[in-house]
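Participant: Sequence:
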Amino acid sequence: MGDDSNDLRLTGGRAIARTLVENGVTDMFGVHGYINNVLEEAFRLGINNYHFRHEQSAGFAADAYGRLKRQTGVCYASSSGGMSNYLAPLSQGIGALSPMLLLVGQHGTAGDGLEVLQEGYAAECFKTVTKWTKRLTDWELNSYWTQKAIRDTIGYPPRASLP
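Numbers 3 to 165, taken from this note's numbering, label the letters of the sequence shown in order.
Hints are computed from structural coordinates only; laboratory data are not their basis.
Any given hint might turn out to be false.
[What the hints assert, rightly or not] Within a straight-line C-alpha distance of at most 30 Å, the following computed DSBU-like cross-link-like pairs (lysine-lysine) qualify:
no.	residue 1	residue 2
1	K71	K129
2	K136	K150
3	K129	K150
4	K71	K136
5	K133	K150
6	K133	K71
7	K71	K150
Work out the full structure, taking the sequences as your base and the hints as a guide.
Facilitator: What follows is the structure, given as structure tokens:
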């Protein structure tokens with residue numbers, strides 16, 4: 003019971019990570035932050051992590067990866083300041099029809115409008131530079147939205163999605 007590696011309880015982060023693996027994601031690019039629960043499970047499941055010093059560089063790497071491999075380039079960020087650094091790569095990616103997926107950490111819904119640490123709303127910020135955006139508030143649907151995002155990034159025309 004004390005060994006977390008044998009804990010089979012499904013959490014929102016585990017659902018996203020497992021869905022990434024099940025859909026062929028092998029590499030991710032970004033800077034750690036509020037999204038660590040997803041990242042820890044993804045890396046435990048064998049996804050390669052390319053950690054950058056700045057989110058913008060990670061976004062451009064995901065863009066290049068998507069273009070070269072013709073697979074979804076997955077990048078990740080913390081909310082607020084970290085996520086805002088992805089505006090340029092997503093803008094470039096949508097113009098180039100790059101298949102990209104940005105995963106952004108988020109504060110809990112109980113903190114909405116309360117000026118919590120790193121309050122930021124990625125789904126609102128990136129509407130104009132992605133195919134679609136979605137704020138995940140029901141962890142039981144995380145797998146569905148992640149799978150939809152991966153499929154939509156490579157569907158015609160390929161572009162970034164943000165679940």
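Participant: Assess, step by step, whether the Cα of K71 is no farther than 30 Å from the Cα of K129, and give holds or violated.
Facilitator: holds (25 Å)
Participant: Taking 30 Å as the top limit, are the C-alpha atoms of K133 and K150 close enough?
Facilitator: With a Cα-Cα distance of about 12 Å, the restraint between K133 and K150 holds, given a limit of 30 Å.
Participant: Has the given pair, K71 with K136, been kept, meaning a C-alpha gap of at most 30 Å?
Facilitator: Holds, at about 25 Å.
Participant: Given the hinted pair K129 and K150, is their alpha-carbon gap at most 30 Å?
Facilitator: Within the cut-off at roughly 16 Å; holds.
Participant: Check the hint pairing K71 with K150 against an upper bound of 30 Å on the C-alpha distance.
Facilitator: Holds. K71 to K150 sits at ~19 Å (cutoff 30 Å).
Participant: Between K133 and K71, is the straight-line Cα distance small enough, at 30 Å or below?
Facilitator: holds (20 Å)
Participant: Under the criterion that the straight-line Cα-Cα distance not exceed 30 Å, is the pair K136, K150 satisfied?
Facilitator: holds (11 Å)
In summary, this structure violates none of the numbered hints.
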